[in-house]
Amino acid sequence: MNRRAFLRLGLGLSGATALMAACGGTTAPAPTTAPAADGPAPQPGRVDAGTLAREMSWYNWGGYVADSVIDKFKQEFGVTVKIDTYSSNEEMEAKFKAGGNPGYDLITPSDYMVSKLIAAGLLEKLNFANIPNFQYIDAGHKNLYFDPTNEYSVAYNWGCTGFAYNKTKVAEPITNWKQVMNWPDGLRGKLGMIDDVRELLAVGLRVLGYSGNASDPKEINAARDALIELKRRANYTLTDSPNAATNLVAGDIFATQIYTNDAVTARSENPDLVYVIPGDVSTVWQDNLCVPKGAPSQYTAEVFINFLCRTDIAAENANAIGLATPSAEALRQGLIAKELVEDKAVYPDIAAMGDALEFLRKGDPEVDELYQRAFDEIKAA
Amino acid sequence: MIQVFREHRSLRIAGLMGPGAFWLVVFFLIPLLIMAVISFMSRDQFGFPAPPFTLGNYWDVVKDIRFNPSISFVGGLNIRLFDGLYLELFWRSIWLSLVSTIITLLIAFPVALFMSRLPRGYRSLTLFLVMIPFWTNFLVRTYALQFMLRGNGPINTLLRALGLEPIDLLFTPAAVMIGLVYGNLPFMILPLYTSLEKFDWTMIEAANDLGANTLQAFRRVMLPLVSPGLVAGSILTFVPAVGSYITVELMGGGRTNMIGYTIAQQFSASVNWPFGSALSLLMMIIVTIAAVLYFRSGRGEQRTVL
Amino acid sequence: MASDSTIILLGERGEIKPKPRGETRRFSLGRFALVTITLFTFAFLYVPIAVLIVFSFNSARTGATWQSFTLQWYERVFSNARILESAANSLIVAVLSTLGAVVIGTLMAMAMERYRFRGKGVWDGLLYLPVIVPEIVMGISLLIFFAAVNISRGLLTLVISHIAFCMPFVYLTMRARLADFDRSVEEAAQDLGANEWVTFRRITLPLLMPGIISSALLAFTLSLDDFVISFFVTGVGSQTLPVYIWGQIRRGITPEINAISALMLVLSIFLVIAAQFIQRRQRT
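Quick mapping for you: the protein sequence lines, in order, are chains Z, H and P.
The first sequence begins at 1 in the working numbering and counts up one residue at a time.
The second sequence begins at 382 in the working numbering and counts up one residue at a time.
The third sequence begins at 688 in the working numbering and counts up one residue at a time.
You may find that some hints are simply not true.
Said to hold, decoys possible - Straight line, CA to CA, 16 Å or less: simulated EDC-like cross-link-like pairs of lysine to aspartate or glutamate:
#1 Z:82 / P:772
#2 H:444 / Z:377
#3 H:579 / P:772
Calculated directly from the structure, the hints in this document are not laboratory data.
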């Protein structure tokens, strides 16, 4: 595992993971194993081995958990976690909507999708008595707009949609989206944007001073026009974020809108790459652990969620997958690789950035239609 | 059992048709009808189908079509009589698929011809050689093609080594075409080969003896006899190409749009199943018409297909 | 890979001899062109595959540049139970649906080619539809259907769906083969006393074989490569490899995925060689 994390990030993380491994045993804050209780209802914080299923299924983003974490859960609790993967929230949603829960115990929807799933009655309320380690999650990642009373979800990972560029190819440092929208003519064809309706239009909206969640057709169309104008001038590519990372490393583009985790990967392969979260409002997102309605073994899923929130496990996981953990305790204990923690682009100071970070709230069909139409027009231009 | 089948013609037909007909109706037609129904529905607060029934989804496709003749020279000569977002998407997709089908045909025909003329033992070997590259994964293959065309990729490295100017290939329409042709080749080569393999070459000889030159013999004798394979191959490459979008997306860098992409978006990023269903049905209708027109033109006598 | 095919084809060149009757003589001018185009086409098909295989040994993660040689991605594949399971699922589904689609599609093509019956035109048209329907529409509509009739999702629904979309490809290829099929050969066999089954096995089947091989290859390839439809109709734990890979793309295509692709290639080739070997032995 240590080696894997090291390789994946291509950074000198081995020291950090060794430290983590060393602390792992002692920092486990909550009781992990408990003798099987005879009573039917499990005691809060104690695991009722008799009620645990032997197997559970997690419908998760690809590559979104460390294999070692799954192995440890198996060792400690005897539960095998089977993982199937998806690559977009809407794919997962469509599957549940069209055919019902095929038998998953745990899913990992992003912020806005949690609210959609709650509204559609597709999520179970969590029994937080089984998830005492929830206390180690940073307060800034609880009670957010999509689950205001925090009954359905537990924060798992979070990150931003920022901007990465090659400092040897782009003349001046880029710190805001305005510079992106004024892309120099000399670098035509060398700019990349993310092929996502809302992420793309949000850049146009924010530069014009609107919210990335604007619902006024006039504002959306103004953003569309600005982005069409940029397309004529800069001829930017529209690809998914990992592909943008590859294009950037290969030198086919010099700069691109990009998600944090892809920027970290790209930077590890080309030290000339700089990753920033532009100050004139960028997108923040958070993926969450939720139990879908009809889950065969909710209790086991909750025990697993609790396990993922355990400080040593949260740290091990975060170091392996290169995303920001919401575990305040893991950060406080210094278990997260320095290279990640000290990088303000990976762990931006949420409090300091304030309104400069914004969730994209999707899910209103009327508004989504406006955005989709604008996006189609940009792509057709 | 066999006896019964032998004696009753209709039973025999039923025996041959039965499994396929069952499969087609139950696992294809019924689901498709569900989709057709959805295309006439409204959407609920989540973008999923809900009553009441409406024609609105179809109206949304055509409502912005305007008569607006224009000529431009962007990417070749462009003559447009009408103007409209989805009309443009449909037109572009069909045009791109048509061009890629023709290019694929021009490459595939000689290859299939060559294969069909090999000694018998080697023929199926070459068939496998055509298919083997496609036993890797589609996405992985497309990424490999992407790499080939990169600024610092093998092609440009070779060009530089030869002292030539490197060319910007990736994220251009040419790259899209390369991607489509690559993916289509086996679906053209195999049906063509199947037809050519049984072609009786003495017919050419006979035609020549009757005074036909090579071109005439090809046109008058060979083409009509291999046209079932030609038509099958063209359909198998043309039709899926219209709906394709991932190749277009990855090779073209998302700089152009295709109808397949917009349809997929309606079922994913912007959830609007009824509109997506309406677009799909329209696409199917348009593709069918285009295919009929394309394949009927010049071969009215073709009875086998369509 | 590229050089292998090159050698085989070059070896072939000398072996295309004009047949005794001399009918190829007038085409000999085109033979050079044929060989050249074929060679270029095979190079076109194989160079990206070679790149893919090379990159499965590359230590860099994004696959944009070459860093250094490593076997770690293969190690990871073999220690990743999910990848191996998905690969096994893919092969099982591909083999079963190829068998199903070839049998059903061939029977249908025979019925359509040999008999006239009511509604024939309708069926002919219907058989093209699956080629035309966008994959995502077929995936979602099949999912709605399976949920409605309460078939639980898994390998079964995968095989059913794959047969449904492979069948038209088989049908079209077989129709092309069956067109102008000389039935007098069959009749001659029956006149000589062969029963219908023997006639089918000894006469019809061998004559159809090139078509069956082509269509089986098409079906196998389509099934092995499909992910849009498969994504919707898989159940818990029955993901196929393309669905697994599709799930990974938000994290980028890793060399690990190149490695499993290369392994699948080798495994498929092995399967086909084995199938051919068995076929040869049966024939002798």
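Take the C-alpha atoms of residue 444 (chain H) and residue 377 (chain Z), compute the straight-line distance between them, and say whether it is at most 16 Å. Roughly 15 Å separates the two Cα atoms, so the pair holds.
Check whether the Cα positions of residue 579 (chain H) and residue 772 (chain P) lie no farther apart than 16 Å. 41 Å, violated
Restraint status (C-alpha distance of residue 82 (chain Z) to residue 772 (chain P) at most 16 Å): 11 Å, holds
Of the hints listed earlier, the one the structure fails to meet is number 3.
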